[in-house]
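Protein chains in written order, with our numbering: chain B, 929 to 1238; chain L, 929 to 1238.
No lab work stands behind these hints: they were computed from the structure.
One thing to keep in mind: the hints can contain errors.
Because identical chains share one entry, a pair is satisfied inside a single copy or across any pair of copies.
What the hints assert, rightly or not - With a straight-line Cα cutoff of 20 Å, these simulated SDA-like cross-link-like pairs (lysine to any residue) come out:
id, residue 1, residue 2
1, Lys1025, Gly1035
2, Lys1224, Phe1038
3, Lys1224, Arg1071
4, Lys982, Pro1218
5, Lys1224, Val945
6, Lys1214, Gly1024
7, Lys982, Leu942
8, Lys1054, Leu1121
9, Lys1193, Phe1203
10, Lys1214, Arg1011
11, Lys1224, Ile1206
12, Lys1128, Met1008
13, Lys1025, Asp1036
14, Lys1082, Ile1206
15, Lys1054, Val1119
16, Lys1224, Arg975
17, Lys1228, Glu1124
18, Lys1224, Thr1174
19, Lys1082, Ile1055
20, Lys1128, Thr1083
21, Lys1224, Val1053
Remember, it's a predicted structure, so these values are computed and weren't measured experimentally.
Take a look at the letters that make up each chain.
Protein chains: 2
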Amino acid sequence: MNFTLNILGTASALPTVNRYPSAQVLDVRGRLFLIDCGEGVQMQIRRQRLSILKIDTIFITHLHGDHTFGIYGLLSTMSMLGRTAPLHIYAPEAFGKILSDFMASFGDGFRFEPVHHTVSAREPVKIFETRSLEVLAFPLRHRIETYGYLFREKTPMQNVRKDAIARFGLGLAEIGTLKRGEDVHREDGTVILNSEAAYKPYEPRSFAYCGDTAPFPELSGWVKGVDLLYHEATFPREYESLARATFHSTTLQAATCAKDAGVRKLVAGHYSSRFPDISFYLDEMKEIFPETVLGKEGMKIEIPFVSNPC
Amino acid sequence: MNFTLNILGTASALPTVNRYPSAQVLDVRGRLFLIDCGEGVQMQIRRQRLSILKIDTIFITHLHGDHTFGIYGLLSTMSMLGRTAPLHIYAPEAFGKILSDFMASFGDGFRFEPVHHTVSAREPVKIFETRSLEVLAFPLRHRIETYGYLFREKTPMQNVRKDAIARFGLGLAEIGTLKRGEDVHREDGTVILNSEAAYKPYEPRSFAYCGDTAPFPELSGWVKGVDLLYHEATFPREYESLARATFHSTTLQAATCAKDAGVRKLVAGHYSSRFPDISFYLDEMKEIFPETVLGKEGMKIEIPFVSNPC
Chain B
929 MNFTLNILGT ASALPTVNRY PSAQVLDVRG RLFLIDCGEG VQMQIRRQRL SILKIDTIFI
989 THLHGDHTFG IYGLLSTMSM LGRTAPLHIY APEAFGKILS DFMASFGDGF RFEPVHHTVS
1049 AREPVKIFET RSLEVLAFPL RHRIETYGYL FREKTPMQNV RKDAIARFGL GLAEIGTLKR
1109 GEDVHREDGT VILNSEAAYK PYEPRSFAYC GDTAPFPELS GWVKGVDLLY HEATFPREYE
1169 SLARATFHST TLQAATCAKD AGVRKLVAGH YSSRFPDISF YLDEMKEIFP ETVLGKEGMK
1229 IEIPFVSNPC
Chain L
929 MNFTLNILGT ASALPTVNRY PSAQVLDVRG RLFLIDCGEG VQMQIRRQRL SILKIDTIFI
989 THLHGDHTFG IYGLLSTMSM LGRTAPLHIY APEAFGKILS DFMASFGDGF RFEPVHHTVS
1049 AREPVKIFET RSLEVLAFPL RHRIETYGYL FREKTPMQNV RKDAIARFGL GLAEIGTLKR
1109 GEDVHREDGT VILNSEAAYK PYEPRSFAYC GDTAPFPELS GWVKGVDLLY HEATFPREYE
1169 SLARATFHST TLQAATCAKD AGVRKLVAGH YSSRFPDISF YLDEMKEIFP ETVLGKEGMK
1229 IEIPFVSNPC
């Protein structure tokens, strides 16, 4: 029942010898969701001991090369490894041409179909779901069309307390009502509160990916209360004017978003290549939001599965 | 006056955690020639402490992804680093569409022009030259159109021995004749042999890049006597049938080409991902051609400048 973020790349536009371009894999109960696809992502997936063939779905934030150029090698390798299942790729509209150009030049012999789903959103919209997970896209504020993604487990059906069944003499329909999280309203006017008779079996977990973006007021509301927030922090605090000019965020702005959103934990990335040592980024961010970590290639961040006692 | 080969990638189709896709940089007296352009090449160039902005010209053997996918990130990074000089890329015809597709999707803001020169050759033909170097392309035998490249320093003008000027009473025209490497034929019938009066100031150096290819008889003649031969050795000796089916070479075939060509040194690469440890490749190759090294990421092979004493 894992919910684990794998950091594959923390570079911004220019990679360095140690920092790969943007890419992360969210492992939700064994299904792997790749977010952004910087050059070298296929090697980073291997280094992280993840399986390329288990990549389920890809979400691309925007079509700058440092978030995209790894798609070519990844798709080719999937083909060589024998993938036959369609691969669903959520990305802005212009990705359609990039993908069809690629397939025209390099797609000979592919035995699977990469399927582009156009992302378009002016506020958070659900673009993908499984039985237990849903993914929302929301617009970010960058130089070109860019989306963030919110991954959250669906609210599970509630468990009805065994002692409550006898105590309230619950019928089958009433148990169904409680499982859906609702109160029971009986014909005689009595109300059985959900909180008295049922409980959530576990806490649904959530992760939001915000990058690349300049800060804007709505964002913290859109990622409110997530367990883990990735927010780009390209520049240190004192480079705010450069951040503004390039539609990026500073350490301060990323940490402020995390604080305003009341998230549990913040992980930073997309560091400017001007700064080979970014340890001072952490100090700047922790001043605002203490639960910050600096993302690093190879890092895994597990969001624990918390089951509730009955 | 260096002539140094830098190995950036030795993987075949599937990269591994340690092996990057095909790419090498030949540094000829400070001008950097990139041969093949596998994914991650821009990071490998940095790791090798070479300058991305000093890449002078690119030669691509063929349009399989493991020799090509690094071009996207490399060109983008060159643009971000401020390149303005045109970048000349020698590659098979189909590269034209790949490049124009790329520029259409990602070329906004480029301040330099990547220029594609179509390579087409049925036997060795000169495709590029500088004052001191020439590059020949020759066809290889692979699943798609593929070319090898031979880099060789031009034969330098000869030096005329000082003592010979007095001894033979050489005139200016005669000195010119000797400098061009010719004998002097005087009107009185006497002949001044070039070898008696002049000498090459240094030995011109040469490197040939042969991959990907199945073995074929003409190849050793085309790379005859080079100082350094890169020849792909995808498979070990006993995988000859797989090599044949995929138009690749075995260790034995690569070493035999080096032996037949009488080269000074052979460097292998493009190893199958089936073999994480390829040390046994070396044993197999050295049996046929002792002056073999296994190429490895980060390796530099210097061909020394040998000046002749007068």
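**Prompt:** Of the numbered hints stated previously, which ones are contradicted by the structure, given in increasing order?
**Reply:** Result: hints 2, 3, 4, 6, 8, 9, 10, 12, 14, 15, 17, 18, 21 break, sorted rising.
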